[in-house]
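J.: Fit chain B to the given chain A structure using the hints.
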Amino acid sequence: MSQDLQAVSATPGGAAGSDVDTTSLAKLIDTSTCIGCKACEAACQEWNDHPVTLAPFDGTYQSQPDLSHSFWNLIKFNETEIDGAPAWLMSKYQCMHCIDPGCLRSCPAPGAIVQHANGIVDFVPEQCIGCGYCMTGCPFDVPKFDPYTKKVYKCTLCTDRVSVGLEPACIKACPTSCLTFGARDELIQIAEERAETLREDGFQAAGVYNPAGVGGTQVLYVLRHADQPEAYGLPADPQIPWTVTLWKGPLKWLGNLVFVGGVLGAFLHYVRYGPQAEEAPEDARDGE
Amino acid sequence: MASDGRVTRFNAAERIVHWVVALAFGYAALTGLALWSPRLFWLAAVFGGGTTARAWHPWGGVVFTAALAVMFLKWARAMRIDADDRTWLARAHRYAVHDHAGLPEPGRFNAGQKALFWLQSAAAALLLASGVVLWLPESMPRALREASILIHPLAAVASIGGIILHVYMGTAAVPKALRGMIQGWVTPRWAALHHPKWYREIRK
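Chains as they are written, first to last, in my numbering: chain A, 37 to 324; chain B, 260 to 463.
With the rest of the complex left out, here is chain B:
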């Protein structure tokens, strides 16, 4: 903790990895949505046309999963879900209406963030596996292609659904959380409110 009243929330490496994941995800998600529905095919035009979107979408996915793998190695340990987290998740509806009574104190990541982490990791594994099959259909067996054509959008729906919630939480719903991921610091009182267990630990 710095003496200038700033608590380091995420160091530079964590922030860079996070935003590489985010940018690649955004690109893959938007070009993917173009192929998801004809009503969203105009998105392909935004990204250079259908052929270009089809050609580069997989590379967006490669960057996304590679960066997410780095993120996974950095955070997997801190993301382990314990008994407190399970209690927190069971009472998440109370958190949503700002009733924090009876909610276990979160550590560096709260249970919602942890759940998102595991959701995204699982979805990314499925997206990568099915994505490789859809990438090179001419050299893949039919059974794999038939499975992937369903698994890929299914995992994408789960992933994008999680990210919609994540973006809302990280911007509008929790003020000043975004600064922690961009500039990397939060105030002590922010940390004390949102991640009290973590704050006590780093204050030692």
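In isolation and in its complexed conformation, chain A is listed as follows:
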């Protein structure tokens, strides 16, 4: 593993280089300027060499019902009513590149999920064993199983482009600059300023989506209705499932106690007390 990793799945003790201070990168999605053109979808498919996937028209402006193993970037469309006014909500959906990624935490295969020092969370198909635990660990339902390769895939935040100084494909394609890419600290500041402008414009509930339940995310949103992220298809309070946390924490210790204690206990019992008697004494025999 190179030294630009800060966390590796199923690898306790962190990664080499995890103490290196590297700028954390992020993607900012300003939904208030998204026109739903889906250029980012096309760019993502093209850059990652994914096939064209057609879905039947079901009366919405959404191109696919959901993300898939070969469709990593989806513009969700929701036509609804907010505060008595009609709302056409377009929002880009993809891996959130969490600061505390539930996929990485729940992955049992060493090295199958890595978090780069710049914060990008990436899957390594060569190490993936296809268990699908990441799909349960992720509170955003992002990783998707490929029935053909029997492995799980998701957005890489174009780590291959970023590592050579290019911006992700979706950012590159966005015609309204509703997508921006850069240092996370700066983007949070820009997002807050943008939300402030929206509030001045009358969208009192405008704000930044950067959910604390997963330690914050490296995909940030500006929402006109930040009090209702569900309307955009975003979970209101995403958390790594408590069952995953319990399994990876206290249960592991309980299990180790049972396994090691059981074997050690049996051994010590044998040393201290020895085996049971083998047979009844002669006179108890056969009952004559």
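Rather than coming from a laboratory, the hints here were simulated on the basis of the structure.
Treat each hint with caution, since some may be false.
To spell it out: a stretch of chain B is covered by chain A in this simulated footprint if at least three of its residues, at any positions, have a beta carbon under 8 angstroms from a beta carbon of chain A; those stretches are [as the list claims (entries may be wrong)]:
1) 265–279
2) 349–358
3) 372–386
4) 390–403
5) 431–441
Predicted model, so just to flag it, every value in this text is computed and none were measured.
The beta carbon of each residue, even a glycine, is placed where N, CA and C say it ideally should be.
T.: What follows is chain B alone, placed relative to chain A:
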């Protein structure tokens, strides 16, 4: 009871079922432990690598639960826990230090074996139910997956813990018990000591 001084402890069908359960359990347990902890992931390499272990572990589980179901049908009646068994279990610590005074006489199975049987049966039911969910995560609802990701290892810990004790009892702790499960017979005096109530019954 045979005339050659051998008491049939387990007939061939029982032995075969027992060892199919045991082998499948061993396979599922070891491949499962590979996914339990990164420190044990080397076990996956022993069984053909992580992808292979992931692909075949569920089938090991299927064989295990199917064979255990047969075992269950064969033994469930004999495994019923009665008042004597409850007394025996309450005094199991005395049995552990070879103080058999005041312990009710065991029948074909002692209370410890019966407790193990019910523990394994309950654990297997949980392992199967949660295992199917973990097997096909892409077609299972989130609530089931979140529950199964905890229930599966929890049931496995209980099950493996029971089996550690069972293997110790069946090999080192009770001499010649293993022969009863491999060759199928024990001596009359072995039966008279370890399962006196059963021995009296079959001697009739």
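J.: Compare the structure with each hint and give your call.
T.: Cross-check of the supplied hints:
| no. | hint | verdict |
| --- | --- | --- |
| 1 | 265–279 | violated (count 0) |
| 2 | 349–358 | holds (count 3) |
| 3 | 372–386 | violated (count 0) |
| 4 | 390–403 | holds (count 4) |
| 5 | 431–441 | holds (count 5) |
Violated hints, in rising order: 1 and 3; the structure is consistent with all others.
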